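Given the coordinates of chain A, work out where chains B, C and D with the ligands should sit on it, guided by the hints.
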Amino acid sequence: MVGTFRPRRLVAVALLGALALGLAACGETYPNSTFNPNTEYNAAIDALWDRLLFLGTAVFVVVEVALVYTIFRYRRRPDGGIPKQVHGNTALEIAWTAIPAVILIFVAIPTVRTIFKTQAKAAPDALQVEVIGHQWWWEFKYPQYGITTANELYLPNGRTVNFQLKTFDVLHSFWIPQLGGKRDLISNRTNFLWFTPNKDLPSSAWNGFCAEFCGPSHANMKFRVYTVSPDEFDQWQKHQARPAVFPLASPDSTASAVAPAPTGAGSAPVLQVAAAQRDTALLTATPATATPATATPASATPVSATPVAYTFPMERIEREFPHVIPKTPIPVGLKFDESTLPNGDPTRGMQIYSRSSCIGCHVVSGNRMSMGNIGPSLTHIGARHTIAGGLYPNDAKHLAYWLKNAPHMKPGSIMPTLGKGETDPKTKMVMNVGALTDAEISDIVAYLLALK
Amino acid sequence: MAENVQASGQAHDDYHPGWPTYWKVALFLTVVTAIEVSAYYIPAWETSWIYVPSMLIMSGIKFVVVVAFYMHLKYEHKLFRALFTGPLIIASVTLIGLLFLFSKLAIKLGLLS
Amino acid sequence: MTATTNPQAAAHGDGHAHGGGGGHYTTLGLDNRKVAIWTFIGSECMLFASLISTYLIYKGKSPEGPYPAEAWTNPATGETFPAILNIPVTSASTFVLLMSSLAMVLALSAVQNRNLPKHTTWDRILGSSKLWLWTTCLLGIGFLGFQAYEFTSFIHEGLTMRTNLFGSSFFTLTGFHGAHVTAGVIWLFTLLAIDYKRGLRPEDATTVDICALYWHFVDVVWIAIFTLVYLIK
Amino acid sequence: MATLAAAPPYTESHTEPSNSGIWSWLTTVDHKRIGVLYLISALFFFVFGGLEAGLLRAQLATPNGTILSADLYNQMFTMHGTTMIFLAVMPLSAAFFNLLIPLQIGARDVAFPRLNAFSYWVFLLGALFITFPIFFQIAPDGGWFGYAPLSTKAYSPAINMDFWVLGLQILGISSLAAGFNFITTIINMRAPGMTLMRMPIFTWASFVVQFLVVLAFPVITIALVFLQFDRFFGTNFYTIAKGADPLLWQHLFWVFGHPEVYILILPAFGLVSEVLPTFSRKPLFGYPVMVYSTILIGFLGFGVWAHHMFSVGMGAIADAVFALTTMLIAVPTGVKIFNWIATLWGGQIRFTVAMKFAIALVGMFTVGGISGVMHSSPPADLQQTDTYFVVAHFHYVLVGGSMFGLFAGLYYYFPKFTGRMMSEKLGNWHFWVFLLGMNLTFFPMHFSGLLGMPRRIYQYDSGQGLELFNMLSSVGYVIQAIGVLFGVINMWMSWRSGARASSNPWGAPTLEWTIPSPPPEYNFAEIPTVKSRYPLWNVKGGDTLVHETTWEEEKNTRIPTSRELGIVMPNPSIWPLITAAGIICMFAGLLFLESSTMLGVGITLTGALWWIGALYKWLLTPLEDHH
Ligand code: HEA
Ligand code: HEA
Ligand code: CUA
Ligand SMILES: [Cu+2]
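Chains as they are written, first to last, in our numbering: chain A, 1 to 452; chain B, 1001 to 1113; chain C, 2001 to 2233; chain D, 3001 to 3627.
Watch out, some of these pointers could steer you wrong.
As the list claims (entries may be wrong) - Below, a list of computed lysine-lysine pairs in the BS3-like style, where the Cα atoms sit at most 25 Å apart:
hint, chain 1, residue 1, chain 2, residue 2
1, C, Lys-2130, A, Lys-166
2, A, Lys-166, B, Lys-1108
3, D, Lys-3617, C, Lys-2130
4, B, Lys-1104, C, Lys-2061
5, B, Lys-1104, A, Lys-166
6, A, Lys-121, B, Lys-1108
7, B, Lys-1108, C, Lys-2130
8, C, Lys-2059, D, Lys-3617
9, A, Lys-121, B, Lys-1104
FYI, nobody ran anything at the bench for these hints, they're computed from the structure. Just so you know, these numbers come straight off a predicted model, no measurement behind them.
For reference, chain A alone in the conformation it holds in the complex (with noise of 0.2 Å):
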C-alpha cells in the first residue's frame, strides 16, 4: 500500500512551490500589520503576540516532529508480527498533562497582566473622540473641541487617546490594525478603548475597518487616521472647530474664507452666528463673505493670528502611504457625463444643493439650511481624503458618481439616488422627479469640494 504515490510526490513538489510562494510574500509590505508597536498598546500586544507565536511555534514542532517520526519508524514491516500491547503509561500521560499546564502557565500570567493593564482607565488628560458607528460610515466627535467629522480621524502624537465606542444602529467594531486591538460599538453601551500614538512616530496615515459584520456594505465601512505632531493636530483641530466656509468666485474672499474663528469649547454661540450669515449668503445668493466672520460676538475670544489650514497632505499619502487611498471601482453600468465636472460652479451647487434632498441628512455647519444628522457631517468635506466610508477617494469624479447614486456605488447605502433617469437598485424605482442632472451635479461637487 505504500510504494512510491503519485499524489504523496505531488505534494512534496506543492509544499515547496507553497514554500518558496510564502517566501517571495515576506518581501511584500504589509500595511495593515497588526505587529507594528505604533503605541504602547499594540507593544503590549505585540510583546504577548511573541510569546505566543513562540510557544505555540514549539509545541507544533513538538507535536508534528514526534507524530513524523512516530509513523516513520513504525511503518509496518513484512516481519513485524503483532507489536508490543501496551495500554498506557501514567507516568508519561502525567508528564503530558503537566508540560502543557506549564506552558500554559507562561501564558496565562503575561495575559491576565496584559488585559488589566490595557483595560484601566484611560489618562484623565486623555484627548476624548467619541466614536458613533453607522451602516457603513464613521462619525467622529470630539467634545473637548467641539469637533463633529467622518471617516478621517486626526490624532496627536504622543497623546493618549481614549475612544468613547457607541453604535447608531448595528454592531460594528473600531480597528486600527496598526495601532492596536479591536473594541465592539455595542448598542446602547458604551465601550472605551485607549492608547498613545508613539511620541516619535513621524506623521503617518493609517487605514482603519469595521471588524464587527453589520450588513451588506460592512467590508466599505473603513476609515482612515492620521497620527500627527501635536502642532499639526492643533492646526487641524483649530480649523475644523470652525464653520465651513467655502470660498466663492473671487480669490479675496479665499482669505475671509480663513478668517479668525474661535477656539476651544465657547464655539457654540459663534457657530450660530456664522450660520446666520451663510444663512443670508444663501437666501441672497450672493457672495456673503462681504461680511466676513470676523463679526464676532464678545463672548468670544478673537484669535489674533489667523490659524493655517492643515489637512494630511495629499502628496504624502501618495508618496508614503498608497494604500490609505481607496481603490475601489466604480461599478460598471454607472455612467456619468465627465464633461460637465469642470464647469461646476460652487455657487450654483450651493443653490442646488440647499433646495435638494441633501439637507435633510446632512449637516454643514455654516448652511442654515443644512441640519440634517442621518448622514456625515459635510463641514470641512472639502478637507478629507475620502468619502462613502473610506470606500473612494475624494475627487470630483467619485463624488460625482456618488450623487447621482449612491447605493449603486455602496450596496445598502441609504443614501438616496439622486441622478435623473437612474434606478435605486433596492427599489428598482427610476428617479426622475426632483433627480439632478449631470451638470447639477458637478455644481454640487464643486461646491462640496469647495468645503474646506
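For chains B, C and D with the ligands alone, kept in the frame of chain A given last:
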C-alpha cells in the same frame, strides 16, 4: 406511548414512599409557601438584607423536597440522580455566570485593580 | 448463529441476554422511557435557566414601564400604571399547582397499588387513579385559568409582550411555563383516556410515572419562578 | 480467553424483499439505514456547502472581485457556515452515531427506533427548508451566529433571516430528539459485560456529545425563540429602542456555540481513536485518560463561551476568567494528541487511507488548536478576532479536525455498512490532494488575518498586501474540490462495484467487526457478552491475535433472517416522517404571517394539529408485532 415496553414490570420494584409521606410533603410545601408569601408582606423582613437569601433558601428547599419525594429521586437509581443534578448544576452555574456578566459589578471590579 | 459470539459468552451470558428471543434487555434494568424523561428534564433545566436568566438580566433595565413591583407614570402622557404583579392571585395559583403535584403522586400510587385489596372507603379513594388523574388535570387547568386571568388583567393594565423588556421577558417566561402545563394536561387526559378504555394497571406504572415526573418538574420550575419573578422585587 | 472461533456466516442476499424500494426507506426504523440516509444527505450538503465556499473563494481570489454582489456574498458565507456546521458535520456525525453506537455496544437497535427516524426526517426537511431560499437569492444573510440587532426585523426586514431562525429551530428539534435517544441507548442498551469503561471510545465520545447537545441546544432554542418572537410578534428582546442589550443574544448564542464546536469535533476524535489502534495493531494508549479527557472537555466546554466575545467589553475580570478556562481546555485536548501519538508508537502502522486521514487529523487539528490558544489570550485576540486568523483557526479544527476524522471514519467503516471496500487508490488521491488543498487554502489565512484582513468582507482593496494570500487560498480551494471529487467518485464507484468486504477486513478489535458486513437488520444473532475492551483482540492471553477475515472465507455462509432466528424487529412506520412534515408545516406557517395573518395562522395551526395527530397515531401503533 411506549417505544419499548420492556422492564415495565420492574417499575414497581422501585421504592416509592407512600401516601402519608405525600400528604406530609404537601403540607410542608404549603407552609413554606405561606411563609414566603407572608414575608413579602412583612416590611421589616421584606426590606432587610435577609429577605432575598431567605427566599432563595426557602424556594430551594421546596424545590429539593418536590424532586426528592414527588419525583422520588431520593429512592431512585443513582444514574437518575446524576442525570438530573449534573444538568441542574451546569444550568445554575450558567445562570449565575450570566447574571454576573450582566451586572455592573463585572466592569467595576475590573477597574478597581 | 453462535459463531459471532465468543464461546464463553454463551456460558456466562446471564438471564438478561435473551439470545435471539426478542426479549428486551436493558443494561441497568431500568426502563428506557424513564432514562429518556430524566435526560429530557435535565435538558429542560437549561431551557428554563435561559428564560429565567433573561428575565433577571432584563429586570430593572427597561427604560419605560409598567414595572412589576412599582407604579409608573408615563412622563409623556401622564398616564399612570399600577405595579403589575398580583401576589395574592399568584400565591393562590402556586398553591393550586403544588396541590396538583400531590394529586399526581397519588394517581401514580393508585396505579402502582391497583392490585392491593381495598378495605375502606379511604382505600378506595386513594386507590382511584381516575379520581386523582382528574384532580391533577383540573388543578392544572385551574392553574392555567389563573394564568389566563393574570395575563388578561395585565394586558388591561397596559402590559403586553410588546410593551417593554419586562413585558417581553415576563410573558415569554411564564408563557413557556404555561405551555408546559398545557402539554402536561393533554398528556394527563391521554392517560385518563387509557384508564377509561382499559384501566391503568401496575404494569403501566412507568407510563404514568414518566408523565408524573414531567408534571412535577413543571411544578418545580414554577417554585423557582414564583420566588425569582414574583416575590423578589 | 475468548477468541473468535470462526467468521460469521454469509449469504449473498440476506435482505428480505420488503427491504428495498422507496417506501422501505421512507418508513425505515433501522438504525443502519437511517445512518445511511444521514450519511448521504450530509455528504450532499457538504458538497453544497463546499460549492458555496467556492463562490466565496472565487469572489475573494482577486481584489474587488465582482462575481458576487455584497448581498449575495453575505448570503453565501452565512449559508456556507450554517450548512457546513448544521447540515454537513453534525449529520455526518449523526450518521456514525446511528451506524455505530448500537453495533459497538452490542444492541439490536437504538432505544427508540421510530424517534430515530423522526430525528432524521426533521433534519432533512429542516435542511431543505433552510437551503431552499438560496435558489431564489433570499437566503439568510446575517452570518452563522446571526448577531442581534442586525438579525432583527429593524435591520433585516426581508424574509431571509426568517428562514434562518425557523430553520435552526427545526434542526434543533432533530438534534435534541437524537440526543435523548442516544443517551438512553448508551446508558441502557449495552450488551452484558459492556461496562462503561469497556465501551469503545467512539461511543464514549458520542455519549459526551449527546449531553452537550441536550444541554446546549435548549439555550439556542430560547435565543431563537426570542428572535422569532421579536421578528413575528413584536416583542422587544433585541429591540434597541426599548433598551434591549445586544449582548443577551451573544451570550445565549455562545453558551450554545462553544459546546457546539465540541459537538463537531468529539465524534471525529472518537472515530480516530478507533482507527489508530486498528492500524497500529495496538490498543489505544491510556484508554481511561482518553475517556476522562473527553468528559472534561465536554464539561469545561460550558465554561468558556465568552472567549468569542473578548472584544465586546465585558470588563477585565470576565476577560481574564474566560481566558483561563479556555486555556485550560488545551490540557485535556493535548493529552489526547499525545496519547494518539503514543498509540502509534511501537505499533505496526498500516497506511490505509483511513489511517492517513486519522494521522492527518492529529497533525492538522494541532495547528488549529494552537491558533485557538492564541485566541484565548484576550489582548492578542483583540488583534485576531473577526479577521481571517479566526477563519484559519476554525477551518483547521473543522476541516483538519472534524472533516478529516469523519473521512477517516468513512473509509474505515464503509465496508461495514455497505459490504464493499473503498478503493485505496482513489482514496489516496482523495487524501493527498485534499490535504494539500486544505493547507494551501487555510494556512495563508493566518497571514491575511494578522496582516489586517477582516472576515466577512466581500471585497478588499488592492495594495494592502493581501493579494497573494487570497489567491493562494482560492487556488487551494480548487485543489480541495478536486480532492473531494476523488472522494465522491470513490464512494460512488465503491458502493456500486467495490470489492466485497468481509466481516472484519481490517482485523479490528471491537464488537461491530464480529458481525457480517453489512450487518443483518438484527445486528447480533445473539447478544454477545463482553469481556474486554477489545473483544476481538486477545490482548491478555497467549493466543494469537485474530487477523482480518476475508470475503473468500465468508462468502459461502448464509445469514439467517430475523424470522428464522425468531428475533422480533420493530415494524417500519411512516408516522415519524408524517409527524416531521407537520412540524415543518407549523413553522413554515409563520413565514406567511406578514402577508396574511389568516393564512399564516391557518398554516401554523394546520401544521400543529397535523403533527399532534400523527404523533398520537405513531404512539398508538405498537413498535413491534407481538408474538
Ligand atoms: C471543531 C471545532 C472547534 C474546536 C475543537 C475548537 C477548539 C478551540 N478553540 Fe475554537 N473556534 C471554532 C471551532 C473550534 N474551536 C469556531 C467555529 C470558531 C469561530 C466561530 C465564529 O466566530 O464564527 C472558534 C473560535 C474560537 C475563539 C474566538 C476567536 C474570536 O472570534 O476572536 C477562541 C478564543 O479563545 C477559540 C479557542 C479555542 C481553543 C482554545 C480551543 C481548544 O479546544 C484547542 C485545544 C487544542 C490544542 C491546544 C492542540 C493540542 C494540544 C497540545 C498539543 C498540547 C500542548 C498545547 C499547548 C500548551 C498550547 N476558538
Ligand atoms: C465544518 C465546517 C466548515 C467546513 C468543512 C468549511 C469548509 C470550507 N470553508 Fe468555511 N466556514 C465555516 C465552516 C466550514 N467551512 C464557518 C462556520 C464559517 C463562518 C461563516 C460566517 O462567518 O458566518 C466559514 C467561513 C468561511 C470563509 C470566510 C468567509 C468570510 O468571512 O467572508 C471562507 C473563505 O474562504 C471559507 C472557505 C471554506 C473552504 C474553501 C472550505 C473547503 O474546505 C470546502 C471543501 C469542500 C469542497 C471543495 C466541496 C466541493 C465539492 C465538489 C466541487 C465536488 C464536485 C461536485 C459533485 C460531486 C457534483 N469558509
Ligand atoms: Cu460596521 Cu461592519
Ligand atoms: Cu469557542
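Results of checking the hints against the structure:
1. A threshold of 25 Å between alpha carbons decides the hint, and for Lys-2130(C) with Lys-166(A) the separation of about 62 Å lies outside it, so the pair is violated.
2. A distance of roughly 19 Å separates the Cα atoms of Lys-166(A) and Lys-1108(B); the hinted pair therefore holds under the 25 Å criterion.
3. Restraint check for Lys-3617(D) and Lys-2130(C): the C-alpha separation of about 24 Å stays at or below 25 Å, so the hint holds.
4. A threshold of 25 Å between alpha carbons decides the hint, and for Lys-1104(B) with Lys-2061(C) the separation of about 12 Å falls inside it, so the pair holds.
5. Distance hint between Lys-1104(B) and Lys-166(A) is fulfilled; the C-alpha atoms sit about 18 Å from each other, no more than 25 Å.
6. For the hint pairing Lys-121(A) with Lys-1108(B), the CA-to-CA distance comes to about 11 Å; that is within 25 Å, so the pair holds.
7. Only pairs whose Cα atoms come within 25 Å are accepted, and Lys-1108(B) paired with Lys-2130(C) is rejected, the gap being roughly 58 Å.
8. With a C-alpha separation of about 44 Å, the suggested pairing of Lys-2059(C) with Lys-3617(D) is violated against the 25 Å cut-off.
9. Distance restraint check for Lys-121(A) and Lys-1104(B): the Cα-Cα separation of roughly 16 Å lies within the 25 Å cut-off, and the hinted pair is therefore satisfied.
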